[in-house]
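Given the coordinates of chain A, work out where chain B should sit on it, guided by the hints.
Chains as they are written, first to last, in UniProt numbering: chain A, 1 to 262; chain B, 1 to 283.
Think of the hints as simulated: they come from the structure by calculation, not from any bench.
Errors might be hidden in some of the hints.
[Said to hold, decoys possible] Some chain B residues flagged as far from chain A (calculated, every beta-carbon gap over 12 Å): (1) Gln41; (2) Gly46; (3) Thr49; (4) Val78; (5) Ala205; (6) Ile208; (7) Leu218; (8) Met228; (9) Arg274.
[Claimed, not checked] Heads up, simulated SDA-like pairs for lysine to any residue below, C-alpha to C-alpha not over 25 Å straight-line: (10) B/Lys146 with A/Asn231; (11) B/Lys146 with A/Val17; (12) A/Lys186 with B/Gln247; (13) A/Lys186 with A/Lys214; (14) A/Lys214 with B/Met246; (15) B/Lys146 with A/Leu169; (16) A/Lys186 with B/Trp8; (17) A/Lys186 with B/Ile107; (18) A/Lys65 with A/Met133; (19) A/Lys186 with A/Ile29; (20) B/Lys146 with A/Ile29; (21) A/Lys186 with B/Leu135; (22) A/Lys49 with B/Leu15; (23) A/Lys214 with B/Asp243; (24) A/Lys65 with B/Phe108; (25) B/Lys278 with A/Leu103; (26) B/Lys278 with A/Trp255; (27) B/Lys146 with A/Val226; (28) B/Lys146 with B/Leu15; (29) A/Lys186 with A/Ala246; (30) A/Lys49 with B/Asn133; (31) A/Lys65 with B/Met111; (32) A/Lys214 with B/Gln247; (33) A/Lys186 with A/Trp255; (34) A/Lys186 with B/Asp243.
Glycine is no exception: its CB is placed at the ideal position from the N, C-alpha and C atoms.
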Amino acid sequence: MTTLHPTRSVTAIALLVLAFLQIPVLVVILASFSETSYLTIPPQGVTLKWYEAVLSDPTYLRAIKNSLILACASTAISLVLGVAAAYALFRRVLPGSEAITSLLISPLVVPSVVVGVAMLQYFTLTGFRGSFMVLIIAHVVITVPYILRSVLASLSGLDLSVEEAARCLGANGFTTFRLVTLPLIKPGLVAGALFAFVTSMENVPVTIFLASAKQTTLPILIFSSVEMGVNPSVAAISTLLIVATALVLLVAERWTGFHKFA
Amino acid sequence: MTPRRSAWLLVSPLLLVLTLAFFVPLLLLIPTSFREYLPGQGMVPGSFTLENYARILTDGYYLEVVLRTLVLGVAVTVICLLMGYPVAYLIVRGNPRWRLALTLLVIFPLMLNLVVRSFGWIVLLSNRGIVNNLLTDIGLIATPLKLMFNMTGLLIGLSHIYLPFMVLMLVAALQNMPRDVEAAASSLGSSRTHVFWSVTLPLTAPGIISGSILVFVLTISALVTPRMLGGPSYQVMATLIYDEYMQLLDWPSGSALSFALVSMTLLIIWGSSRLTRKWAGLA
Chain A
1 MTTLHPTRSV
11 TAIALLVLAF
21 LQIPVLVVIL
31 ASFSETSYLT
41 IPPQGVTLKW
51 YEAVLSDPTY
61 LRAIKNSLIL
71 ACASTAISLV
81 LGVAAAYALF
91 RRVLPGSEAI
101 TSLLISPLVV
111 PSVVVGVAML
121 QYFTLTGFRG
131 SFMVLIIAHV
141 VITVPYILRS
151 VLASLSGLDL
161 SVEEAARCLG
171 ANGFTTFRLV
181 TLPLIKPGLV
191 AGALFAFVTS
201 MENVPVTIFL
211 ASAKQTTLPI
221 LIFSSVEMGV
231 NPSVAAISTL
241 LIVATALVLL
251 VAERWTGFHK
261 FA
Chain B
1 MTPRRSAWLL
11 VSPLLLVLTL
21 AFFVPLLLLI
31 PTSFREYLPG
41 QGMVPGSFTL
51 ENYARILTDG
61 YYLEVVLRTL
71 VLGVAVTVIC
81 LLMGYPVAYL
91 IVRGNPRWRL
101 ALTLLVIFPL
111 MLNLVVRSFG
121 WIVLLSNRGI
131 VNNLLTDIGL
141 IATPLKLMFN
151 MTGLLIGLSH
161 IYLPFMVLML
171 VAALQNMPRD
181 VEAAASSLGS
191 SRTHVFWSVT
201 LPLTAPGIIS
211 GSILVFVLTI
221 SALVTPRMLG
231 GPSYQVMATL
241 IYDEYMQLLD
251 WPSGSALSFA
261 LVSMTLLIIW
271 GSSRLTRKWA
281 GLA
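Chain A on its own, in the form it takes in the complex (with noise of 0.2 Å):
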């Protein structure tokens, strides 16, 4: 059988779309090494010092600290609450499941900004603004729909007999759970939980109404330096993360086949 395979000009329009994609993220990487503070083509002079520092600014290492527990954490609650929750509506045993999991995943819907303004006035009148809880609950809020959704995903394509044959050979619900219907959902369950680790980690619009000085995050702190104008350092920040994403990207890869659930 003849396939239309894409001609000459397709392939060449879409290689040029796929450079233009990697464009930024290249620029980023150079202005890093760069001497002067705006980058120039051919870059002048090639250093470290922004990597210096950087890596010796209290205030960025802070801020690094404040993202990674924030992520770990939001990730995990979310992982919890999320696939006890898709365990249960994927069976339909409750009456509207359809309505609870549109429900459920409805932050995604609502802007990110103003889901920061909601909670910014409501964690303002109750009085816990300020507390690093809070900022936790608001990233489970905006992390749990990619672990729900992706958990969804993975539990539809389950045959519920290996689960029955599991009960049958006298294995009670929780075991079950854990040595046959876990393990089998597991690339559903890496891909939204990754989904919900980078969400967390790039949040800007819901954090920056939430979070106190101290409590700055990666993003926020290169968000609002940047405000003040274009800085190498934070194209050393930059490219620290950036090569932190490619890896994180290779072993999800690797280990799941990520991209069929992107």
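Frame of chain A, contents of chain B only:
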């Protein structure tokens, strides 16, 4: 325990968290949007006014911002569609050996921190940025082009940010399409262009629609990229909401604008799902 009871037990923790930290905060914005605001004093408790909503539709400045947001949404969607289709086509119909590598090239920018990507565009587009430097060096321009703090900058930046979403949606649509339909049309003597316009494009329409909706909704609600590339003077709805809450402390006006943004988003999603359902009924 009955299956239904244990199911409730599993769902309720998440339902509780979302109610307390998402639904209630959102609902509490409603009364705020009807409060009067006095500069220097803040919200007037117990007051009721429609002024905050009326302003969005009558005040020239607000109208300009709303209109700009919508124009931006449509333009970015069209750009993403035009740039995304060839990429999706290459991924699905090209050499299968390249598929994984090409897909990863699409996903990588998507996974990358939003502020980093926007910062990359600042390095490129600012007055002393790479693009302007390059053009000046080869003598094409004498004074730097204004590529930031205007529509150009936002269009470039936002199209770049949301292109991966469009590509992934189109890839899914192209994969779901039965291949032999194209082959059949082609073997019956249809030209390549004709096959594309009369077979491929209509069959991938659901993907085109859902990708467009996604990009449009994301674009009109974007805060980070518009602020970083547009600055404090070139506002869109999301950045204006941000400023009303953080700089002007005019919460009533900010929350009215928030609801305007939410209803625009919901209207688009609702309208499109009706449209797709109608089409599915016809098919």
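Verification of the supplied hints:
{"no.": "1", "hint": "Gln41", "verdict": "holds, 17 Å"}
{"no.": "2", "hint": "Gly46", "verdict": "holds, 15 Å"}
{"no.": "3", "hint": "Thr49", "verdict": "holds, 18 Å"}
{"no.": "4", "hint": "Val78", "verdict": "holds, 14 Å"}
{"no.": "5", "hint": "Ala205", "verdict": "holds, 18 Å"}
{"no.": "6", "hint": "Ile208", "verdict": "holds, 16 Å"}
{"no.": "7", "hint": "Leu218", "verdict": "violated, 9 Å"}
{"no.": "8", "hint": "Met228", "verdict": "violated, 6 Å"}
{"no.": "9", "hint": "Arg274", "verdict": "holds, 16 Å"}
{"no.": "10", "hint": "B/Lys146 with A/Asn231", "verdict": "holds, 20 Å"}
{"no.": "11", "hint": "B/Lys146 with A/Val17", "verdict": "holds, 23 Å"}
{"no.": "12", "hint": "A/Lys186 with B/Gln247", "verdict": "violated, 45 Å"}
{"no.": "13", "hint": "A/Lys186 with A/Lys214", "verdict": "violated, 36 Å"}
{"no.": "14", "hint": "A/Lys214 with B/Met246", "verdict": "holds, 18 Å"}
{"no.": "15", "hint": "B/Lys146 with A/Leu169", "verdict": "violated, 71 Å"}
{"no.": "16", "hint": "A/Lys186 with B/Trp8", "verdict": "holds, 24 Å"}
{"no.": "17", "hint": "A/Lys186 with B/Ile107", "verdict": "holds, 20 Å"}
{"no.": "18", "hint": "A/Lys65 with A/Met133", "verdict": "holds, 15 Å"}
{"no.": "19", "hint": "A/Lys186 with A/Ile29", "verdict": "violated, 34 Å"}
{"no.": "20", "hint": "B/Lys146 with A/Ile29", "verdict": "holds, 24 Å"}
{"no.": "21", "hint": "A/Lys186 with B/Leu135", "verdict": "violated, 51 Å"}
{"no.": "22", "hint": "A/Lys49 with B/Leu15", "verdict": "violated, 49 Å"}
{"no.": "23", "hint": "A/Lys214 with B/Asp243", "verdict": "holds, 22 Å"}
{"no.": "24", "hint": "A/Lys65 with B/Phe108", "verdict": "holds, 23 Å"}
{"no.": "25", "hint": "B/Lys278 with A/Leu103", "verdict": "holds, 24 Å"}
{"no.": "26", "hint": "B/Lys278 with A/Trp255", "verdict": "violated, 41 Å"}
{"no.": "27", "hint": "B/Lys146 with A/Val226", "verdict": "holds, 18 Å"}
{"no.": "28", "hint": "B/Lys146 with B/Leu15", "verdict": "violated, 48 Å"}
{"no.": "29", "hint": "A/Lys186 with A/Ala246", "verdict": "holds, 21 Å"}
{"no.": "30", "hint": "A/Lys49 with B/Asn133", "verdict": "holds, 24 Å"}
{"no.": "31", "hint": "A/Lys65 with B/Met111", "verdict": "holds, 20 Å"}
{"no.": "32", "hint": "A/Lys214 with B/Gln247", "verdict": "holds, 20 Å"}
{"no.": "33", "hint": "A/Lys186 with A/Trp255", "verdict": "holds, 10 Å"}
{"no.": "34", "hint": "A/Lys186 with B/Asp243", "verdict": "violated, 42 Å"}
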